[in-house]
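2 protein chains.
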Amino acid sequence: MSANIETLITDIADYMSRVGLAAREASRAIGRASTAQKNQSLNAIAEQILAQAGELKRANALDLTAGREKGLAEALLDRLELTDERIASMAEGLRQIATLPDPIGVISNLAYRPSGIQVGQMRVPLGVIGIIYESRPNVTADAAGLCLKSGNAVILRGGSEAVHSNQAIAACIKHGLEVAGLPADVVQVIETTDRAAVGELLRLKDSVDVIIPRGGKSLIERITNESEVPVIKHLDGICHVYIDDEADREKALNVAFNSKTQRYGTCNTMETLLLAASAAARILPDLAKMYVEKGVELRGCENTQALLKDSNIAVLAAEEEDWSTEYLAPVLSIKIVEDIDAAISHINKYSSQHTESIVTENYTKSRQFLREVDSSSVMVNASTRFADGFEYGLGAEIGISTDKLHARGPVGLDGLTSMKYVVLGDGQVRQ
Amino acid sequence: MSANIETLITDIADYMSRVGLAAREASRAIGRASTAQKNQSLNAIAEQILAQAGELKRANALDLTAGREKGLAEALLDRLELTDERIASMAEGLRQIATLPDPIGVISNLAYRPSGIQVGQMRVPLGVIGIIYESRPNVTADAAGLCLKSGNAVILRGGSEAVHSNQAIAACIKHGLEVAGLPADVVQVIETTDRAAVGELLRLKDSVDVIIPRGGKSLIERITNESEVPVIKHLDGICHVYIDDEADREKALNVAFNSKTQRYGTCNTMETLLLAASAAARILPDLAKMYVEKGVELRGCENTQALLKDSNIAVLAAEEEDWSTEYLAPVLSIKIVEDIDAAISHINKYSSQHTESIVTENYTKSRQFLREVDSSSVMVNASTRFADGFEYGLGAEIGISTDKLHARGPVGLDGLTSMKYVVLGDGQVRQ
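Residue numbers (this note's numbering), protein chains in the order written: chain L, 1 to 431; chain D, 1 to 431.
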């Protein structure tokens, strides 16, 4: 399918500019669509995805074959694969989005002013969202569903290795939009694998309101530097757990162990463990043993090495760059610090401002940590692995923003919206 | 004073980079400053401004003399002048900001999740804000006050024509910060008038979190195009009033007259009047007479010209470009449209998405207008002149954003903040 399309798209700039204009036009229709209509289309897409499971797997097989020929790594091939389970989970995800409350049109804080006017804020769509992502084809359905529910038109640009899978999912989406009487251009999946299409998308500042990149750090940095459209970024997660001297021992072991080992490859996984000097002797030897038994490589500061030497636990020397490395692997750096102030300083210096957690029973220090740590999620006595749209009750997430402007932390439906002011009067004028 | 400073600042890039680093450093102190400390400094700055009124006027006189020598327009000289009244009003503005509730640290929506963790959002400062503005020196005090109260460090870059006035105000701010024990670098007023400083400021993406330009359209467009730091823009205001066929006649006359004539040079002034065909005959002749008596030049569509010809009111023919012109002057374009749908189409095509108002008694059409008009303020039966931070109850405003990301409409203290997630647990881990 794509080969055929490729030959038709010779002028990428022109093609992308038409995609942008079509999205802007479609955004008006989806922006004013009723909740029922949006939910109907989400459920229809889910149904079609299940009905077309065979077709999706056939298209996916083309991508997998091409990927193997190109020598894609096994991990990437795994992410690329559409199994029956993954197809069912895509459909289920769309149905869940249909059950979420519609954010659009919600009016808050409507209050009378001394002049007699009533002023409030109404939640509205952003307009047109561009999403650039890598190999997982399920993002095509997830992102389309979130944008659709939040009243936005979306331009999706998936990885070239998933082009057949993405086009097959796009066909299901098109069908679902049609069933609900919505324009097909509400969701456009870029049909060319030409990399120039990404560059053109980043220049469409008149027809695209925001770009959301999903993928590795280098992809996101490239997009951020190149884009003329505002970007909601999700950079790396260098997350910390700080075990305070007043930490409960059991909570410390549980939180620190879970934060590192529950999954290694996720951005909310702890990469550096900090311990108050007076807590280290009490907690670190047992905790280090748990990590080692789980197969986690430890890299520690000098005090950590000295302390664990007595317990015969091998600890490599942590280098300066360890403190700013996102391992995404069974590797953990450990530093013993003087107190909470030193811990906060270390975090605010090395953290990627994603997620940090303190383990403490002390009321004042818990408040200090919450207030002074400048990260998108700050926790007390909880695993960093909770930093997630589902766990936070957003229902779904399009990513986790490490930006401060607009959206910070897990981005759900509200993050894809804006607020306009509404004013209700009885003929009031300014004096 | 500035001449002396100029000779000291030879390497602008180095100077601005040091300003940026000092701001980042100071942002940590102001970010965790107590409400009492912030209010104390605001009141101390206000006091110092009043105590130094003589000094401010002496510095201002240097700017006025230089401005006259350079042949600045009278309107600009007027904006530049610091009178006793304006000095008192600067001080009063700062005291008002001190009385506003502190937005920082406010936690909202703290709720238990099925996992047992409690999740909420805490309001936090953005960090470092860069403000680039033109001749009015009072912006120096206003903007410093708003940034200070919202826990941000700020870099202020005023117009070169106000350099002595701005430095004199900066000295008062420095004194007030010192009185409250806050670092002087919380508010830095750029000391050089070299235009290269603006370009350098726009490149400080590691030490500045957001740029807010205040000034004419060309300044804002230049900054937006050039900036590597995110920008909160306030572009032009091409505002509309639509008089529906079910409008109350008296409300229509009042709202449409006030929206145009209460002040001509403001961004929330109406520039185009739309009337439903069936309302025009009933309302337009008298309304047009009111405008003409007030000295407003009218430019109308063909139907407007035909209708007002019978009343002997002179109406120029509106050209296509009139519909997208911000006159900022006693000029009004008028168009008779078929119905509300045509009015909304016209607005969504030509408006700058600032402020639009409908005059109607019809419930369904008021709801349609509120929902479908894509502007930062949408009103029913109220003058567009109400689109203002004070009128909306924000207490103060740093500008009116015509962007959709982050802040839309009047930007008060909340617009200078972000939200981080806070998670309170009892040792919970992810399953």
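Note that these hints are calculated values from the structure, not bench results.
Take these hints with a grain of salt, some might be off.
Since the list gives no way to pick out one identical chain from another, each pair is judged satisfied if it fits inside one copy or across any two copies.
Said to hold, decoys possible - DSBU-like mimics (lysine-lysine), calculated; alpha carbons at most 35 Å apart, straight line: (1) K294 - K174; (2) K205 - K174; (3) K349 - K289; (4) K251 - K70; (5) K70 - K309; (6) K349 - K70; (7) K309 - K205; (8) K205 - K349; (9) K349 - K174.
Checking K349 and K289: alpha-carbon separation at most 35 Å within a copy, between copies, both or neither?
-> Within one copy only: 28 Å inside, 66 Å across.
Within a copy, between copies, both or neither: where do K349 and K174 come within 35 Å Cα-Cα?
-> between (47 Å within a copy, 27 Å between copies)
Up to 35 Å CA-CA - K70 versus K251, copy category = For K251 and K70, neither the intra-copy (47 Å) nor the inter-copy (70 Å) Cα distance is at most 35 Å.
Classify it for me, K309 with K205: is the Cα-Cα distance of at most 35 Å met within a copy, between copies, both or neither?
-> neither (58 Å within a copy, 43 Å between copies)
Between copies, within a copy, both or neither: which fits K205 and K174 at Cα up to 35 Å?
-> Only inside one copy: K205 and K174 sit 25 Å apart there, 40 Å across copies, limit 35 Å.
Intra- versus inter-copy proximity for K349 and K205 (alpha-carbon distance at most 35 Å) = This pair counts as both: shortest intra-copy Cα distance 34 Å, inter-copy 17 Å.
Given identical chains, is K294 near K174, meaning Cα to Cα at most 35 Å, within a copy, between copies, both, or neither?
-> For K294 and K174, neither the intra-copy (46 Å) nor the inter-copy (56 Å) Cα distance is at most 35 Å.
Within, between, both or neither, where K70 and K309 count as close if Cα-Cα is 35 Å or less = neither (47 Å within a copy, 75 Å between copies)
Have a look at K349 and K70 and pick one of within, between, both or neither, based on CA distance no larger than 35 Å.
-> neither (41 Å within a copy, 48 Å between copies)
Hints 1, 4, 5, 6, 7 from the earlier list are contradicted by this structure; the remaining hints agree with it.
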